[in-house]
Amino acid sequence: MKTQAFRLLLVLLVFQSVVFAQSEGMVFIEGSRYIPLYGRDSTVVEVKDFEMDIYPVTNSEYMDFVTKYPKWQKSKALKLFTDKSYLANWKNDLEFKDSEHPNSPVTYVSWFAAKDYCECQGKRLPTVDEWEYVAMADQTTKDARVKPSYNEQILAWYEAPRSNENSIGQNPKNVWGVHDLHGLVWEWTMDFNSVLITGESRKDVDKDSNLFCGSAAVNATDLMNYAAFMRYAIRGSLKAKYSMKNLGFRCVKDTNKIN
Amino acid sequence: MKTLINYYTIMKTQKSMNRVYPMILLLVFTVFLMGCMNNEKTVYDKAEDIPVSQEMIAELTSPPHVPTPVGARKAKKLIVKMEILEEEGEMTDGVKYVYWTFGGTVPGSFIRTRVGDEVEFHLQNHPDNKLPHNIDLHAVTGPGGGAESSFVAPGHEKVFSFKTLNPGLYVYHCATAPVGMHIANGMYGLILVEPEGGLPPVDKEYYIMQGDFYTKGANGERGLQPFDMQKAVDEKADYVVFNGKVGALTGDNAITAKVGETVRLFVGNGGPNLVSSFHVIGEIFDKVHVEGGDMINENVQTTLVPAGGAAIVEFRVDVPGTFILVDHSIFRAFNKGALGMLKVEGEEDTKIYSGEIRDDIYLPEGPGIQSMPTTDEIVESEIPAKSFEEQMEYGKQTYMQTCFACHQAEGQGVPNAFPPLAKSDYLNADVDRAIGVVLHGLTGEITVNGEKYNSVMTRQTLSPDEVANVLTYVYNSWGNSKKVVTKEMVMKVKNQK
Numbered sequence: 001m002k003t004q005a006f007r008l009l010l011v012l013l014v015f016q017s018v019v020f021a022q023s024e025g026m027v028f029i030e031g032s033r034y035i036p037l038y039g040r041d042s043t044v045v046e047v048k049d050f051e052m053d054i055y056p057v058t059n060s061e062y063m064d065f066v067t068k069y070p071k072w073q074k075s076k077a078l079k080l081f082t083d084k085s086y087l088a089n090w091k092n093d094l095e096f097k098d099s100e101h102p103n104s105p106v107t108y109v110s111w112f113a114a115k116d117y118c119e120c121q122g123k124r125l126p127t128v129d130e131w132e133y134v135a136m137a138d139q140t141t142k143d144a145r146v147k148p149s150y151n152e153q154i155l156a157w158y159e160a161p162r163s164n165e166n167s168i169g170q171n172p173k174n175v176w177g178v179h180d181l182h183g184l185v186w187e188w189t190m191d192f193n194s195v196l197i198t199g200e201s202r203k204d205v206d207k208d209s210n211l212f213c214g215s216a217a218v219n220a221t222d223l224m225n226y227a228a229f230m231r232y233a234i235r236g237s238l239k240a241k242y243s244m245k246n247l248g249f250r251c252v253k254d255t256n257k258i259n
Numbered sequence: 001m002k003t004l005i006n007y008y009t010i011m012k013t014q015k016s017m018n019r020v021y022p023m024i025l026l027l028v029f030t031v032f033l034m035g036c037m038n039n040e041k042t043v044y045d046k047a048e049d050i051p052v053s054q055e056m057i058a059e060l061t062s063p064p065h066v067p068t069p070v071g072a073r074k075a076k077k078l079i080v081k082m083e084i085l086e087e088e089g090e091m092t093d094g095v096k097y098v099y100w101t102f103g104g105t106v107p108g109s110f111i112r113t114r115v116g117d118e119v120e121f122h123l124q125n126h127p128d129n130k131l132p133h134n135i136d137l138h139a140v141t142g143p144g145g146g147a148e149s150s151f152v153a154p155g156h157e158k159v160f161s162f163k164t165l166n167p168g169l170y171v172y173h174c175a176t177a178p179v180g181m182h183i184a185n186g187m188y189g190l191i192l193v194e195p196e197g198g199l200p201p202v203d204k205e206y207y208i209m210q211g212d213f214y215t216k217g218a219n220g221e222r223g224l225q226p227f228d229m230q231k232a233v234d235e236k237a238d239y240v241v242f243n244g245k246v247g248a249l250t251g252d253n254a255i256t257a258k259v260g261e262t263v264r265l266f267v268g269n270g271g272p273n274l275v276s277s278f279h280v281i282g283e284i285f286d287k288v289h290v291e292g293g294d295m296i297n298e299n300v301q302t303t304l305v306p307a308g309g310a311a312i313v314e315f316r317v318d319v320p321g322t323f324i325l326v327d328h329s330i331f332r333a334f335n336k337g338a339l340g341m342l343k344v345e346g347e348e349d350t351k352i353y354s355g356e357i358r359d360d361i362y363l364p365e366g367p368g369i370q371s372m373p374t375t376d377e378i379v380e381s382e383i384p385a386k387s388f389e390e391q392m393e394y395g396k397q398t399y400m401q402t403c404f405a406c407h408q409a410e411g412q413g414v415p416n417a418f419p420p421l422a423k424s425d426y427l428n429a430d431v432d433r434a435i436g437v438v439l440h441g442l443t444g445e446i447t448v449n450g451e452k453y454n455s456v457m458t459r460q461t462l463s464p465d466e467v468a469n470v471l472t473y474v475y476n477s478w479g480n481s482k483k484v485v486t487k488e489m490v491m492k493v494k495n496q497k
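Quick mapping for you: the protein sequence lines, in order, are chains A and B. So the first sequence is numbered by UniProt numbering: it starts at 1 and just counts up by one. So the second sequence is numbered by UniProt numbering: it starts at 1 and just counts up by one.
Note that these hints are calculated values from the structure, not bench results. Quick caveat, the model's predicted, so the values are computed rather than measured.
Examples of chain A residues lying across from chain B (beta carbon under 7 Å, computed):
| # | residue |
| --- | --- |
| 1 | S85 |
| 2 | E159 |
| 3 | Y226 |
| 4 | F229 |
| 5 | A233 |
| 6 | I234 |
| 7 | Y242 |
| 8 | M244 |
| 9 | K245 |
| 10 | N246 |
Among the chain B residues that face chain A by a calculated CB cut under 7 Å, a handful are:
| # | residue |
| --- | --- |
| 11 | V98 |
| 12 | P127 |
| 13 | K130 |
| 14 | F151 |
| 15 | A153 |
| 16 | P154 |
| 17 | G155 |
| 18 | T176 |
| 19 | A177 |
Simulated DEER-style distance windows between Cβ atoms:
| # | chain 1 | residue 1 | chain 2 | residue 2 | range |
| --- | --- | --- | --- | --- | --- |
| 20 | B | K494 | A | D143 | 42 to 50 Å |
| 21 | B | K77 | A | T140 | 56 to 64 Å |
| 22 | B | I79 | A | L78 | 26 to 34 Å |
Glycine included, each C-beta is placed from N, C-alpha and C at the ideal position.
Just chain A, with the same shape it has in the complex:
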């Protein structure tokens, strides 16, 4: 806890010049326009200013949540909003299995549960555009997508087994001060299935030919795309009630300007 408080202090110091009220455990993200890999029309999208959780939600944080809101406990969650694997790594309603670490990201949660979690904190899930916007940064650059090293790091994660069991905060923070967008778990987004991936990826290519024009415009190479392709693929394979071993979430919040 001490280190976390210290980190928070650091973050606050770094951002003290910003005239926004900084929420606890979140960092300020300055909005901008960028071209995502897939977009609604594969054109420039605009992201407004917002705040994002520094870390994904952890097992112990989720424990607090289900203690306070019993309707999301393993045995009580509605089948409409969760599938059979909801909290599969928990022993019972209020204990996770011995193999689980309190400081690992919570996984096996459905979109409904994640969304409600955020709303109960006065936050919300990020949109795909917001998530991708922050996630295209590396430690030094806001848009690191053209760097081979950026893609290699992401891809290395695909080959690392059981990374969901790691603790949060072990991956270096990116230039915004956000940890673990890559290298730990996949994360739910508000509109995760808004990009229509049919499951037939090759057809999607035809359907969305703009995608390739759009990405060509930012000098995209296959190297740049293929890490991101997999994120869109995983989102496309999900339904809101699904829970998965490698899928967690974090929350964001619209900024409160101080008058």
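Put chain B on the given structure of chain A with help from the hints.
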């Protein structure tokens, strides 16, 4: 007929009881007659009209094995349960790779069906997996070959069904973005649709599938090697292998047959990029189902197997020996791994093949030491051995990759061709000479353990560390003098010139 008689008996005893019985009898009789008709061979114009009777769980096999032939069985509802696993495996000695697999192997499990089967396909994505997957079976008539209906998230199972309409040997593969990467990581396999009555029976059947792999490090570089997208795009394969790894079909893993048997190979090519020139050294294919279809070509030396395609080859083995399976784009075979073995046991037949009759000396003018073209820069192995045990381990890997082909697994060599390294007086007499031979090659007559050899060994492209390791391995194996060779000793010999 028995049933019919039974019914008559029942009728007789109960005649007086009820008037409804004759009606039932008539019904039963009609059904029975129809049953009789079904027993006769009905020819259906269209495969989609073939009815299915029972349910059956499909037998799935790992390569190089194939399931039991369909034989004369009727079309059935065939339930296929295929599990997708992302797991670490070994590409070659010391080189690890994370494979994505259908059923835990590369290539994936072999599926055997017959025309008219109704296949109920269960695609299960293991919860530990990180990625969504799907399957496109080239045997499917339908959008995406099933890909659209089978897109499945980790921890889920998708079910779809299809009817097998066309006989043939078909590839299946994953078709999730980025498609090339899923295939390059090993997500392919074969599904066979046999014609009514099955393929003609043979003695031995095997499943072989070629694939090309792209790793961040060069061929042979140790450690866990990640996939290299740029090399894949450039089609510069580091490994071209049969059945997912170097050596999957050699040594103890070789496929076998006996003299006089007919062997049928179901050969597929997963790609993602390269086309295979499939050839068996020392055999001629009696029959090839060209591209896995109906057309049969006879007496074929090499058959082309396209990426995403297949062929069925059949041949009778007439003489004993080890027959080498290769992609005859030959550098792939000897330098990238596309090499397998078929070991045939049985009686020699000198009418067909004499074996060596004589070994005469032939010396044209001006023989020189052969040398392979190399750059002078030989990459240092990234991780030098830290202990004797590691030297032995790495040395063995190098031996198996570089020396094994001639000097053989136990250092026994090949009589009259390649001298033995086991208990070798020539080797043990002079360690600097041995280092020199590995570094610079050796040609001309030498005497080893009392036998004369007159052959050529090319210089080997090994780093000083690798030379030290491999020689330490050789000196500490098979009854040799247990010398330890260090990098410094190698450098000393290397710098003598």
